[in-house]
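**Student:** Quick note, the sequences are listed as chains C and W, same order. Heads up, the first sequence is in the working numbering, so the first residue is 1 and it goes up one at a time. Heads up, the second sequence is in the working numbering, so the first residue is 1001 and it goes up one at a time.
In case anyone wonders, no lab produced these hints; they're calculated from the structure. Treat the hints loosely; a few may be bogus.
Simulated crosslink set (SDA-like; lysine to any residue; CA at most 20 Å straight-line) [claimed, not checked]:
no.	chain 1	residue 1	chain 2	residue 2
1	W	Lys1008	C	Asn94
2	W	Lys1051	C	Leu86
3	W	Lys1151	W	Arg1106
4	W	Lys1113	C	Gly170
5	C	Lys37	W	Thr1013
6	W	Lys1008	C	Asp115
7	C	Lys37	W	Glu1016
8	W	Lys1088	W	Tyr1066
9	C	Lys71	C	Tyr90
10	W	Lys1113	C	Gln167
11	W	Lys1008	C	Ala117
12	C	Lys165	C	Gly111
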Amino acid sequence: MLSKRIIICLDVRGGKTTKGIKFKDNIDIGDPAAMAKQYYEQGVDELVFYDITASSDKRDIIIDVVKNVAKNIFIPFSVGGGIRSLDDMYNVLNAGAEKISINSAAVLNPGLIADGARFFGSQCIVLGMDVKSVKKTPKIPSGYETVINGGRTPMGIDAVQWAKKAQGLGAGEICLNSIDADGTNQGYELTLTSIIADAASIPIIASGGAGVPEHLKDVFLKTGADAALIASMVHYKQYTVGRIKAYLAREGIPVREII
Amino acid sequence: MISIINYKAGNLTSVERALKHLGIPCRITNNPEEIISSKKVIFPGVGAAGKAMEFIRSKHLDKILYDVVDKNIPFLGICLGTQIILDKSEENDMACLEIIPGISKRFPDGGIKIPHMGWNNISITRPHPILSGIDPRAQFYFVHSFYPDPKREEDTIATTHYGVTFASIIGKGNIVATQFHPEKSGRYGLQMLKNFSKWDGYVK
Chain C
1 MLSKRIIICL
11 DVRGGKTTKG
21 IKFKDNIDIG
31 DPAAMAKQYY
41 EQGVDELVFY
51 DITASSDKRD
61 IIIDVVKNVA
71 KNIFIPFSVG
81 GGIRSLDDMY
91 NVLNAGAEKI
101 SINSAAVLNP
111 GLIADGARFF
121 GSQCIVLGMD
131 VKSVKKTPKI
141 PSGYETVING
151 GRTPMGIDAV
161 QWAKKAQGLG
171 AGEICLNSID
181 ADGTNQGYEL
191 TLTSIIADAA
201 SIPIIASGGA
211 GVPEHLKDVF
221 LKTGADAALI
231 ASMVHYKQYT
241 VGRIKAYLAR
251 EGIPVREII
Chain W
1001 MISIINYKAG
1011 NLTSVERALK
1021 HLGIPCRITN
1031 NPEEIISSKK
1041 VIFPGVGAAG
1051 KAMEFIRSKH
1061 LDKILYDVVD
1071 KNIPFLGICL
1081 GTQIILDKSE
1091 ENDMACLEII
1101 PGISKRFPDG
1111 GIKIPHMGWN
1121 NISITRPHPI
1131 LSGIDPRAQF
1141 YFVHSFYPDP
1151 KREEDTIATT
1161 HYGVTFASII
1171 GKGNIVATQF
1181 HPEKSGRYGL
1191 QMLKNFSKWD
1201 GYVK
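Pulled out of the complex, with its shape left as it was, chain C reads as follows (with noise of 0.2 Å):
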């Protein structure tokens, strides 16, 4: 039977991991290379790095992380933050990433969901959602409004319909995040993996608020998603993937099995 994923995502800036609430205040807490390899060790089953290096010079540092994380991980990786061309996403996969995750660039440029599913495959594409709970307008019908730059622009573009465009567009995989539930270690928001899950037809990573085992098992049992994203949990070793996923296990959940 098809496992849940547990994708254990790493923020990274200036080649170190790093963790922040809301995409502010982060500090640094480890090497990412050594932090992955010890996640692969421990059983994840797949691994985001997140690059959220402000300044545009410091971008090569990224491409010597993919390669030194690929040397030693042989599960699959995915790679996002401040990829906005063909060029840069050939960069990261030449390094060693399976799969691009595309955010911002997506929503300013949707033809670059297009180039690069036709260029590397469907399977490269995740598309990046930053989703923010609004008043439901004629325009926001779902109530879900697309945000980019960490959530601090609002698109006036409905999260629903935009899923289902990156879909056609041919993304082949959606990292869902809610800017609500992110940092807070609240649970996932479910109502809105729900919506996302049900509209489209592409696998759901529900991303935001995972603070215990617990929140993966709702997030698992009551919505669509098909993986689920955790950090902090991980990060500040209250839990390992194996604790996590021996829950799920118990809990019925279908997740593979560490042996």
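Guided by the hints, dock chain W onto chain C, whose structure is given.
**Tutor:** For chain W alone, kept in the frame of chain C given last:
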């Protein structure tokens, strides 16, 4: 030396990195002499069947692959490399290499998400040296919208269930091919690559 065939189909370097990690000598090549003189051949690939077949024919790689098969050089297909050794693919309605009889079919719409993406089990239907030391509970990483449907039952080595039950490992003589990505399937994927590197091409 293992030759990883370069036909411009996706991420070849991930297979190379996995072999290097295992200490197995390999090179990425589409040079006919290099391929035919190697001890083993890996035929990887992600992407579309149509584009891949076009490239293979334009570089006359098809003839070299037939020589590899005839000379009994152990051959491992991965993902797209598994689909295009069959007779044809429903993807782009493409005539393929006809090395193993059968076709690649698209997953049926309705009830399941396409692509089949993530970790899934395999059920072994016949023993094979490539399965040595593989825990029956082990899962492997899949990402595909089409699946191999070999014509003859004896060419299936393992099956996987996703909407339909399909052949996830196929093989005949010195050829073995996986729909999943062993190079991305953690320790048991690496074990399979190691098994392949030791295989003489015969199935007892």
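**Student:** For each hint, tell me whether it holds in the structure or not.
**Tutor:** These are the hints, each one checked on the structure:
About 12 Å separates the Cα atoms of W:Lys1008 and C:Asn94, which keeps this hinted pair within 20 Å; it holds. For the hint linking W:Lys1051 to C:Leu86, the alpha-carbon distance of about 19 Å falls within 20 Å, and the restraint holds. Distance hint between W:Lys1151 and W:Arg1106 is fulfilled; the C-alpha atoms sit about 16 Å from each other, no more than 20 Å. For the hint pairing W:Lys1113 with C:Gly170, the CA-to-CA distance comes to about 14 Å; that is within 20 Å, so the pair holds.
Annotation: proposed proximity of C:Lys37 to W:Thr1013 holds, straight-line Cα distance about 19 Å (limit 20 Å). Distance check on the hinted pair: W:Lys1008 and C:Asp115 sit about 17 Å apart at the alpha-carbon level, within 20 Å; holds. Restraint check for C:Lys37 and W:Glu1016: the C-alpha separation of about 18 Å stays at or below 20 Å, so the hint holds. This hinted pair checks out: W:Lys1088 and W:Tyr1066 have alpha carbons roughly 16 Å apart, not beyond 20 Å.
Proposed proximity of C:Lys71 and C:Tyr90 is supported: the alpha carbons are some 18 Å apart, at most 20 Å. Straight-line distance between C-alpha atoms of W:Lys1113 and C:Gln167 comes to about 12 Å, which keeps the hinted pair within the 20 Å bound. A threshold of 20 Å between alpha carbons decides the hint, and for W:Lys1008 with C:Ala117 the separation of about 15 Å falls inside it, so the pair holds. Note on C:Lys165 and C:Gly111: the hinted pairing holds, with a Cα-Cα distance of about 11 Å set against a maximum of 20 Å.
Of the numbered hints listed earlier, not one is contradicted by the structure.
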